[in-house]
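Protein sequence lines, in the order shown, are assigned to chains A and B.
Everything in the first sequence is counted per my numbering, starting at 1280 for the first residue and increasing by one.
Everything in the second sequence is counted per my numbering, starting at 1119 for the first residue and increasing by one.
No wet-lab data here; the hints were simulated from the structure.
For each residue, glycine too, the CB sits at the ideal point set by N, CA and C.
Each hint should be verified, as a subset may be incorrect.
[Claimed, not checked] Using C-beta positions, here's what the derived DEER-type ranges look like:
hint, chain 1, residue 1, chain 2, residue 2, range
1, B, Gly-1577, A, His-1294, 34 to 42 Å
2, B, Gly-1541, A, Asp-1442, 40 to 48 Å
3, A, Ala-1282, B, Gln-1292, 50 to 58 Å
4, B, Thr-1457, A, Lys-1471, 53 to 61 Å
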Amino acid sequence: MKAFTRLNALAAPLHRNNVDTDAIIPKQFLKSIKRSGFGVNLFDAWRYLDEGFPGQDPDSRQPNPEFVLNEARYKGAQVLIAGDNFGCGSSREHAVWALDDYGFRSVIAPSFADIFHNNSFKSGLLPIVLPAEVCANLAEACENTEGYTLDIDLEAQTVTTPDGEVHSFEVDQFRKDCLLHGLDDIGLTLQKRNRIEDYEAKRQSSAPWLFNTQAES
Amino acid sequence: MAGKTLYDKVWDAHLVDEQEDGTVLLYIDRHLVHEVTSPQAFEGLTMAGRKPWRTGSMLAVADHNVPTTSRSEGIDDPVSRLQVETLDANCEAFGVTEFAMNDHRQGIVHVIGPEQGATLPGMTVVCGDSHTSTHGAFGALAFGIGTSEVEHVMATQTLLQKKSKSMLVSVDGQVGPGVTAKDIVLAIIGEIGTAGGTGYTIEFGGDAIQALSMEGRMTVCNMSIEAGARAGMVAVDDTTIEYIKGRPFAPSEAQWEDAVAAWKQLRSDDDAQFDKVVRLDATTIEPQVSWGTSPEMVTHVGGVVPNPDAIADEAKADGVRRALEYMDLKPDTPMTEITLDRVFIGSCTNSRIEDLRAAAAVINDRQVAANVKQAMVVPGSGLVKRQAEEEGLDKIFEAAGFEWREPGCSMCLAMNADRLEPGERCASTSNRNFEGRQGAGGRTHLVSPAMAAAAAIAGHFVDVRSFAQ
Ligand code: SF4
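With the rest of the complex left out, here is chain A (with noise of 0.2 Å):
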C-alpha cells in the first residue's frame, strides 16, 4: 500500500451530508475490472451535465460549472473538507480508488461511514474525523481564501491551517503504522499463520457443521 507521512496541500470543500459512494462514484463505472482510471468520474453526476459511461472521453463531457472541484481555484487539491457521514452506502472500494485517483490523498469530516472508512486505509487515503465546527471552520476559510492550503502530519496527528491553527486527530495505532510504513496488511497477517491454523483447527472440531461445502446440486 502506498505510504502516507506527510502533506501539505491544497483543500476544497464540499458542502454537503451523507455523500453515499453511488454519488461518489456512480455504479456504471463498477463494471472495471481494473483498479485504476476511476478518477475522471469522480462525482460524475455532480460534475458532469451530461450523463456519464465507462469508456468516454473525457473532453467531449460537458462540465457542471456550478460543481465545487470544477472551479479553477481548486484545481489539484488534495485534501478534500466533507460533511457528515461521508461515504455511506455500498462498500464499493472503488469510490476510494476515484478519490485517490483524482488526486485527493485525505478526507476531513466530522463523521464517516464504517466501511468507506476502512476502505480508505487499505489505499492510502488518509480519512481525518474533526469536530463539526472545526469541519464548518475550515470549510469555510478554505472558500475564503483562494490557494488554503492545510498541513497534515500522520505522526503527529495534527491538521494545521495556514494560520498555524493546529487540529489534533484521533488514528488506531495499528492502522497509523501501516500507513506511515506503506505496509502490507495480508503479508503481515500472513506472518500470523500458525494461530489461524491453530484456530481453524480448533474450530472444525468443535464446530465441523461450518466446514461443510455443498452436498449435491
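For this one, chain A is given, so just place chain B with the ligand on it according to the hints.
This is chain B with the ligand only, laid out in the frame that chain A set:
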C-alpha cells in the same frame, strides 16, 4: 460481570489474535463473492502469487450485471459481460464454487446464501457488498467489506477488525395487519437516521421481530447498513432452526443435534449491557413510503412531503430542499397523491418467496394502472422463481400486467439494462433511494412489496390496508 450480548458471543468465538490497540484478527467462516467487487481481489492474489486459504468457505455468484430477460443470448453489454466472465474464469482458476448465470440456483448473493444453508447461526459472514448485513438474521455476524479486505479474507481467512459498540433496537408489541418487516425497518431508520447506527452493531429484538419469519428478519437486517450499522443481528430461535433444516450446506444429520445445541446459545444474556438501547412501539408503525434521497427521508403513507421552511435546523432544511428538488416534490403534498412511472418488486431486501406472495395477494384480479409504464417482478433467485411459479404467482402478476423476470439485482441499482430514465418516478422494494441509484436522474420511493403492488394498480401510492380487498 454483566452477561454477553449476541454480538459479544459471536465475536469472541472468532478471535484468532488481539493486538494492544484492540485490533483483532477475526476468523471468517463464510465468504460470499460477486462479480463487481472481486476481480481486483483475485488479481491481487495472482500478482502476489498467493492462493485462497480455504476455497470451501467461498460461494460465488454473478448477480449485479446479469440480464433479467432471457439469458440464452448471454449479456449484450460487453463491459458487463467481461465482468461476469472474469468471475467465471477466476472461480474456475481458483477452484471456487460458483452458481453461474444459467444455473437454476443463481440469484442475488444475499438471497442464495441463506437459501443454500451457506449462512448459518454463529458464523462470521463477509462479502464485498454492504448488504451482507442481511445474513445477521441468522444470529451470524455478517458485514460488508471493501475489495482490499476481500483479498485479505481470500488470502488469510481472517480480517483485521476493531469491535464496534452495541445497540439494541427493540420493537415492542405487534404490528397491525398490512404492516411488514420493510415498514418496521424503514420506521427504525426514520427514527435513528442514516448515521444513527454508525460505529454500532445492531441487535434487533422485541416481540415484533420475534414474530417475523426468516424472510422478514432478513429484510430488517438487510437495511441495517442504511442506518449506518455494518451489521445487524437477530437472536436464534425455533424459526431460525426450522428454516435451516435440510438445506444443501446445512449440518448433516450426524451434526444436527450438536449444531442446534450450539445455536440455542446464540442470544444475548438477560443481563447483557448494550451501549445504546432504542425502543419502538410496533403498534404505532404504519406502512412507510420514502420521499427523499436518503432512506431516513421517510414517512407513513398517510403523511405528507415535509416542508423545509418548517425545519429549524438550517443544514437539515437545506438537505430536505435539495432532496425535494431532485425528487421534484412540493412540500405538504400527501404521499397518496404521488403518481408513478414504474414499479420494481425485487432486490435483496424484498425478493424472497414471502415478498412475492405478499405482492401477489394485493392484486385481486386488478390491472396495473395506465400511467405506470412498467411494473416488474424480479425474483431473488432461480429457486424463488421456481417456487413462485409452482404457486402460480407468475400467472397472477402477468395477468395484472407485471413483467415476470429472471433473478438478479436488476433495477435495484441499474447496472444491467433495467433502469429508470431521467425524471422517472418509481415505487421500489429495494433499499436505497440515493440520487441516480436506479438510473441517472431517476426518482426512487422505497416501500414494501405489498405497498409496491398496490401502487402499481392504483398508479399512485395508496394505503395497502384499505386497498387489499
Ligand atoms: S439487490 Fe441491490 S442492494 Fe442487493 S446486492 Fe444487489 S445491488 Fe446490492
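We went through each hint and held it up to the structure:
1. Gly-1577/B / His-1294/A: 34 to 42 Å: holds, 37 Å
2. Gly-1541/B / Asp-1442/A: 40 to 48 Å: holds, 46 Å
3. Ala-1282/A / Gln-1292/B: 50 to 58 Å: holds, 56 Å
4. Thr-1457/B / Lys-1471/A: 53 to 61 Å: holds, 59 Å
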